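S.K.: Now for the letters of each chain:
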Amino acid sequence: MSQSTMQTDVTVEIGQETLAGRLRSMQSIWILGVLIVIVAIFGVLEPTRFLAYNNLMNIAQNASIWAVIAVGMTYVIITSGIDLSVGSVLVFSSVISAKVMEMMGDKGWPTVAVGTLLALVSGGLWGVLNGWLVAKAKVPALIVTLGTLSIALGAAQIITSGLDIRSAPVVLQDSVGYGRVAGVPVISLIALFVVILGGIGLHMTRFGRYTFAIGSNELAARRVGIGVDRKLIEIYALCGLLAGFAGQLSLAQYGTTTIAGQSLTNLNVIAAVVIGGTSIFGGQGSMLGSMVGLFIPAVLLSGFVITGVSPFWQTVAVGAILIAAVFVDQQRRAAAARGGRAAVKARRAAAPASPGVAEYK
Amino acid sequence: MTTLLEARKLCRAFGHVQALDNADFDVSAGEVVAIIGDNGAGKSTMVKALTGNLDVDSGEVLFEDQPVSFTTPHDASSRGIEVVHQDLALAPRLDPTQNMFLGREVMRAGVAGRLGFMNERKMRQDARAAFVRLGSAVRSVTMPVGDMSGGQRQSVAIARAVSWASKVLFLDEPTAALGVIQTRNVLDMIRRIRDQGIAVVLISHSMPHVLAVADRVQVMRLGRMVITMPAEGTTVEQLVGAMTGALDEQDIGRSEIA
Numbered sequence: 001m002s003q004s005t006m007q008t009d010v011t012v013e014i015g016q017e018t019l020a021g022r023l024r025s026m027q028s029i030w031i032l033g034v035l036i037v038i039v040a041i042f043g044v045l046e047p048t049r050f051l052a053y054n055n056l057m058n059i060a061q062n063a064s065i066w067a068v069i070a071v072g073m074t075y076v077i078i079t080s081g082i083d084l085s086v087g088s089v090l091v092f093s094s095v096i097s098a099k100v101m102e103m104m105g106d107k108g109w110p111t112v113a114v115g116t117l118l119a120l121v122s123g124g125l126w127g128v129l130n131g132w133l134v135a136k137a138k139v140p141a142l143i144v145t146l147g148t149l150s151i152a153l154g155a156a157q158i159i160t161s162g163l164d165i166r167s168a169p170v171v172l173q174d175s176v177g178y179g180r181v182a183g184v185p186v187i188s189l190i191a192l193f194v195v196i197l198g199g200i201g202l203h204m205t206r207f208g209r210y211t212f213a214i215g216s217n218e219l220a221a222r223r224v225g226i227g228v229d230r231k232l233i234e235i236y237a238l239c240g241l242l243a244g245f246a247g248q249l250s251l252a253q254y255g256t257t258t259i260a261g262q263s264l265t266n267l268n269v270i271a272a273v274v275i276g277g278t279s280i281f282g283g284q285g286s287m288l289g290s291m292v293g294l295f296i297p298a299v300l301l302s303g304f305v306i307t308g309v310s311p312f313w314q315t316v317a318v319g320a321i322l323i324a325a326v327f328v329d330q331q332r333r334a335a336a337a338r339g340g341r342a343a344v345k346a347r348r349a350a351a352p353a354s355p356g357v358a359e360y361k
Numbered sequence: 001m002t003t004l005l006e007a008r009k010l011c012r013a014f015g016h017v018q019a020l021d022n023a024d025f026d027v028s029a030g031e032v033v034a035i036i037g038d039n040g041a042g043k044s045t046m047v048k049a050l051t052g053n054l055d056v057d058s059g060e061v062l063f064e065d066q067p068v069s070f071t072t073p074h075d076a077s078s079r080g081i082e083v084v085h086q087d088l089a090l091a092p093r094l095d096p097t098q099n100m101f102l103g104r105e106v107m108r109a110g111v112a113g114r115l116g117f118m119n120e121r122k123m124r125q126d127a128r129a130a131f132v133r134l135g136s137a138v139r140s141v142t143m144p145v146g147d148m149s150g151g152q153r154q155s156v157a158i159a160r161a162v163s164w165a166s167k168v169l170f171l172d173e174p175t176a177a178l179g180v181i182q183t184r185n186v187l188d189m190i191r192r193i194r195d196q197g198i199a200v201v202l203i204s205h206s207m208p209h210v211l212a213v214a215d216r217v218q219v220m221r222l223g224r225m226v227i228t229m230p231a232e233g234t235t236v237e238q239l240v241g242a243m244t245g246a247l248d249e250q251d252i253g254r255s256e257i258a
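In order, the protein sequence lines correspond to chains A and B.
In this text, residue positions in the first sequence follow our numbering: the first is 1, and each later residue adds one.
In this text, residue positions in the second sequence follow our numbering: the first is 1, and each later residue adds one.
Some hints could be false.
Claimed, not checked - A partial selection of chain B residues facing chain A, derived with a Cβ cut-off under 10 Å:
no.: 1; residue: 17
no.: 2; residue: 75
no.: 3; residue: 86
no.: 4; residue: 88
no.: 5; residue: 91
no.: 6; residue: 92
Worth flagging that the hints you see were computed from the coordinates, not collected in a lab.
Values in this document were obtained by computation on a predicted structure and should not be read as measured data.
Cβ atoms here follow ideal geometry from the backbone N, Cα and C, with glycine treated the same way.
Please work from the sequences and hints to get the whole structure.
M.R.: So this is what it looks like as structure tokens:
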């Protein structure tokens, strides 16, 4: 084969990139299929009740707070990190916000604005602390965030003496918590906005590209001059900030701080992100996948309640789906890796042993 | 030919091991210099020291006759010095385009670019053009490089370095994972790059490849640069002799530096 024909082949083959092909290779597309199947099954079993507009909106409402946290968690897990502290940071931020809003007295929107700002700042600061300890102090993320999980929750309990603050401003609860625009819960619209922004940031900006690069090969990222430490701090800060924002949304939805109610939030959100195809080993994941992974438990819970199955089965099903999703993902990846290695082996076998090496042995 | 990159009396110890022991090195624009040596002779340490991947204990590095100190790989690459590492230093979950432009993303014009949006289409086009130009084995610019064969991965790493190296290109064992045709392509590519006036530094265990493509061969032994000889007229036996110390410099009339 002459050089020129070979190059023509290359051009042709490199040209054959299809969007469909790229989509097929994404874990999130497969898991979206699973979600659609689950919705279809409940839809057939209980078409009038399960597929009712109100029920679907309830599902969306119930998933909204976790969706906001899952945005930050997706970034963190793609860097091959983990953030176990999100539930505690949510509680801490909602306590700070509720405490200050209570002290201000309920003056409507200005109070809400101050509370929201404080929730964001306090969440963001926990995130900066997590990020600094992971990136600069080189303590493993699992340990750092297990520590801050404990510290943030303890601090919230110290501030409140362990008693929930039940005085979220009425306007916050009415407009954000129960409010609907065109039948869609306001809290879901807010979450959707955060998710879309987070998805754009992850998949279309340089910030997102570096997030993937750090999780894929941190050393390579450093070698090309990416400020990895700084990026990690920013990513954990983002995760903390969103957990803080979720704290404010939680105040809106429940009208109270939920000090004792968030102990499994971290694990539920991590499970959702991982079900959605984000690799716990880093470098791989998508915002769409995380959202699909979040809706599978929410849809299962609603479906089981409506079809009269004990909702305890939802917990069992989610656990099984989590393991199955990662198993399928690993199998696909192992198959791809085997293909790659086989190809190298074939080429090595085809190449003659290097004469130079043979001679000086 | 003027010397482009030069190392003088570099020393670096790792504990009791003197990895570099007053080692010298030089390469000129438009020249291919091979560094050879047995395992542990200090080849990779030398490359790391010259490219901002390692601090030295003493000695100096001159770039375009100016003393420089590259404290990060980024310092070196900002001067047009690129390295293809033996481990390739690719991000396996990113595709060839993303790897090629990592840290050097082409941003969109105007506000979108300032918000962090990248010009993906331009990067893909440029990457595709680079792979075609290099006759590379890469068949897809959007498949994760971790799913590719060893040879294709090597192609991506080489194409990335070649695309950005405007002064010096270091290649650490570039043909180790390649088949016959791909190896020939890499050697041809090295010559083309040299002809563009770029200095190429080749680290290789393959003596025939070294003799085929290098203008000069510098031999390292026990952390020292023991001998420099022109590739032309040198035999594999002489190179091996110099590497193992069986052949001392006085036995070779052509020796230039000790």
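S.K.: Would you mind marking each hint as holding or not holding in the structure?
M.R.: For each hint, the structure was consulted:
The restraint placing residue 17 (chain B) at the interface with chain A is violated, with a minimum CB-CB distance near 22 Å, outside the 10 Å limit. The restraint placing residue 75 (chain B) at the interface with chain A holds, with a minimum CB-CB distance near 9 Å, inside the 10 Å limit. The closest approach between the C-beta of residue 86 (chain B) and any C-beta of chain A is roughly 13 Å, which is over the 10 Å cut-off, so the hint fails. Taking 10 Å as the C-beta cut-off, the interface hint given for residue 88 (chain B) holds, the closest approach to chain A being about 8 Å.
Taken as an interface hint, residue 91 (chain B) checks out: its beta carbon lies about 4 Å from the nearest beta carbon of chain A, inside 10 Å. Taken as an interface hint, residue 92 (chain B) checks out: its beta carbon lies about 6 Å from the nearest beta carbon of chain A, inside 10 Å.
Checked against the numbered hints listed earlier, the structure breaks hints 1 and 3; every other hint is satisfied.
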